[in-house]
Amino acid sequence: MRVIGRMLFVSMIAIASLGAMSQQQQHSEQLPSDKEIRIGNLMPYSGPLSEFGAIGQAEAAYFDMINARGGINGRRIRFITRDDNSDPASALELTRNLVEKDDVHVMFGSFGTPGNLATRWYLNEKKIPQLFVASGDEELSQARAFPWTMGWQPSFRSEGRIYANYIQAYYPRKKIVVLWQNDQFGRQLYKGIQEGLGDLNRHVLVDIAFDINDEHLEGHVSILKRAGADIFVFLGVPSTASKVIKLAASLKWRPVFIVNDASATIANAMAPAGLENSAGVISAAFLKDPSDPAWKDDPAMKEWFTFMDRYHQVESTNSSAAVYGYAAAEALTQVLKQCGDDLSRDNIMRQAASLRDYQPSVALPNIRMNTSPERYLPIRQMRLVQFDGRSWQPFGEVIETAFTEGAAR
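Heads up, the sequence shown is in the numbering used here, so the first residue is 67 and it goes up one at a time.
A couple of the hints might just be wrong.
[Unchecked claim] Heads up, simulated DSBU-like pairs for lysine-lysine below, C-alpha to C-alpha not over 30 angstroms straight-line: (1) Lys193 / Lys403; (2) Lys257 / Lys240; (3) Lys318 / Lys291; (4) Lys309 / Lys362; (5) Lys193 / Lys167; (6) Lys291 / Lys368; (7) Lys257 / Lys291; (8) Lys318 / Lys240; (9) Lys291 / Lys309; (10) Lys101 / Lys192; (11) Lys312 / Lys240; (12) Lys240 / Lys101; (13) Lys167 / Lys240; (14) Lys257 / Lys241; (15) Lys309 / Lys241; (16) Lys309 / Lys240; (17) Lys241 / Lys318; (18) Lys257 / Lys312; (19) Lys312 / Lys291; (20) Lys312 / Lys167; (21) Lys403 / Lys368; (22) Lys362 / Lys312; (23) Lys291 / Lys241; (24) Lys101 / Lys403; (25) Lys403 / Lys192; (26) Lys241 / Lys312.
The hints are simulated quantities; they were obtained by calculation from the structure and are not laboratory data.
All chains should be built: construct the whole structure from the sequences, respecting the hints.
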C-alpha cells in the first residue's frame with residue numbers, strides 16, 4: 067500500500083536573511099584579484115530548510131579563520147554567500163550574479179539538489195568550478211557529462227543500499243515500513259533502499275511520502291504502526307526525525323528504528339525526541355557528531371570547539387550541519403593550497419580531481435577523500451552506528467560499497 071502525504075505548495079520570494087546579510091557585509095572587502103580568492107555559495111538561510119543554513123555560516127567562519135592565519139598561499143578568501151530560500155529559480159539568478167558581477171573563482175558547497183541541478187548547465191557552459199556541492203545526488207557527480215561539477219558526501223542511493231544491506235543481514239524476514247521526504251533527497255534515499263532490498267521489497271508493507279511542512283505526521287506514524295511492521299525506516303531532516311521518534315514512543319511502538327545520516331544528530335534529533343525514546347536508533351555516518359560525548363577528548367573535536375568559540379560564536383556548538391560545513395571548507399582549503407600560485411579555474415578542477423586519501427579532521431576514522439578525473443564522488447565511505455541513549459556506537463567495518471538487488475529469502 068502506498069500513502070502519499072498531503073503536499074503543501076508555498077510560493078515565496080527569496081530574500082537574504084539577517085545572518086546571510088551580515089556574512090555578505092563581512093566578506094565583501096574588495097581586493098585586487100591577485101590578492102584574493104573569491105568563493106560563491108548559496109544556502110537556505112530562510113524557508114523550510116533553513117536549519118541547514120548552519121552549513122554556510124560555519125563555512126564563512128572557517129574562511130575568517132583562514133584569513134586570520136594569513137589566507138591561502140598569500141591570498142585572502144572572500145566568501146560571498148547568498149540566501150536562495152531553496153528555490154531553484156533564485157539559485158540560478160543568484161549564481162549568475164556571483165559569476166558575472168562578483169567574478170567568483172569557484173562556486174562551492176551550495177546546498178540542495180534542485181538548486182545545484184538548476185545551475186549545473188550554466189556553470190559547466192561557463193567553465194566555472196561547481197565544487198563539493200552539499201547534496202548526495204549522484205547526478206551531481208557525473209565527471210564525463212559535467213566535468214565542472216563535483217559532489218562531496220556519500221551518495222544518497224548508496225546510503226540507502228547500506229540500510230537495505232543491514233536489514234538483509236540482521237532482519238531478512240521482518241516486515242518494513244518507510245516514511246520518506248517527498249523530494250529528490252528522500253526519493254534517492256528510498257530508491258537506494260529499494261535497490262538494495264531487491265526481492266525483499268515484498269516485506270515493505272507501507273511507505274508514506276511526506277512534505278517538508280507536512281501537518282499530518284501523527285496520522286502517518288499511526289498508520290505505519292497499525293501495519294504491524296518490525297522495522298521503521300525514516301528518511302528526512304532532523305527536525306522531522308525528532309517529531310517522528312517522539313510520536314512512535316507516545317504510541318508505545320518500539321520497532322527497529324533506522325534514520326538517515328542527515329538526521330543522525332544527537333543535539334538536533336535524538337535529544338529533542340527524548341534520549342530514552344531514541345535509544346537503539348540505527349544510522350550510517352561519515353562525520354563526527356559534535357554533541358556525542360565519545361569525542362570529548364578527540365584532538366580534532368577540541369580544535370572544532372576552539373574554532374567555534376573564537377570564530378563562530380553561536381548559541382550551540384553542537385550542530386552537525388555546522389560540522390559538515392567546517393569539513394567541506396577544510397577540504398576546499400586543501401584543494402586551493404594544492405593550486406599554489408595557479409588559481410585558474412582549470413587548475414582548481416584539476417586539483418579537486420587529484421585528491422589522494424585526504425581525511426577531513428572531523429571525519430570518522432578511516433573515512434577518506436579520493437578523486438580522479440573519472441571519479442567525482444570524493445567521499446564514498448560510511449560507518450553503521452547505533453545510538454545507545456548517550457552516544458553513537460559504531461559497529462561493523464567501514465563500508466565503501468553496498469550491494470544491490472538483495473537475494474530472495
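Each hint tested on the structure:
1. Lys193 / Lys403: Cα-Cα ~21 angstroms, so holds.
2. Lys257 / Lys240: Roughly 19 angstroms separates the two Cα atoms, so the pair holds.
3. Lys318 / Lys291: Since the Cα atoms of Lys318 and Lys291 sit roughly 10 angstroms apart, the hinted pair holds (cutoff 30 angstroms).
4. Lys309 / Lys362: 27 angstroms, holds
5. Lys193 / Lys167: 16 angstroms, holds
6. Lys291 / Lys368: 42 angstroms, violated
7. Lys257 / Lys291: 22 angstroms, holds
8. Lys318 / Lys240: Status holds; Cα separation ~19 angstroms.
9. Lys291 / Lys309: Distance of about 15 angstroms is within 30 angstroms: holds.
10. Lys101 / Lys192: OK: Lys101 and Lys192 at ~23 angstroms, within 30 angstroms.
11. Lys312 / Lys240: Holds, at roughly 23 angstroms.
12. Lys240 / Lys101: 60 angstroms, violated
13. Lys167 / Lys240: 56 angstroms, violated
14. Lys257 / Lys241: 18 angstroms, holds
15. Lys309 / Lys241: Distance of about 23 angstroms is within 30 angstroms: holds.
16. Lys309 / Lys240: 24 angstroms, holds
17. Lys241 / Lys318: 18 angstroms, holds
18. Lys257 / Lys312: Roughly 26 angstroms separates the two Cα atoms, so the pair holds.
19. Lys312 / Lys291: 13 angstroms, holds
20. Lys312 / Lys167: 47 angstroms, violated
21. Lys403 / Lys368: 24 angstroms, holds
22. Lys362 / Lys312: Within the cut-off at roughly 27 angstroms; holds.
23. Lys291 / Lys241: 11 angstroms, holds
24. Lys101 / Lys403: Measuring from Cα to Cα gives roughly 14 angstroms; hence the hint holds.
25. Lys403 / Lys192: Cα-Cα ~24 angstroms, so holds.
26. Lys241 / Lys312: 21 angstroms, holds
The structure does not agree with the numbered hints 6, 12, 13, 20 stated previously, though it agrees with the rest.
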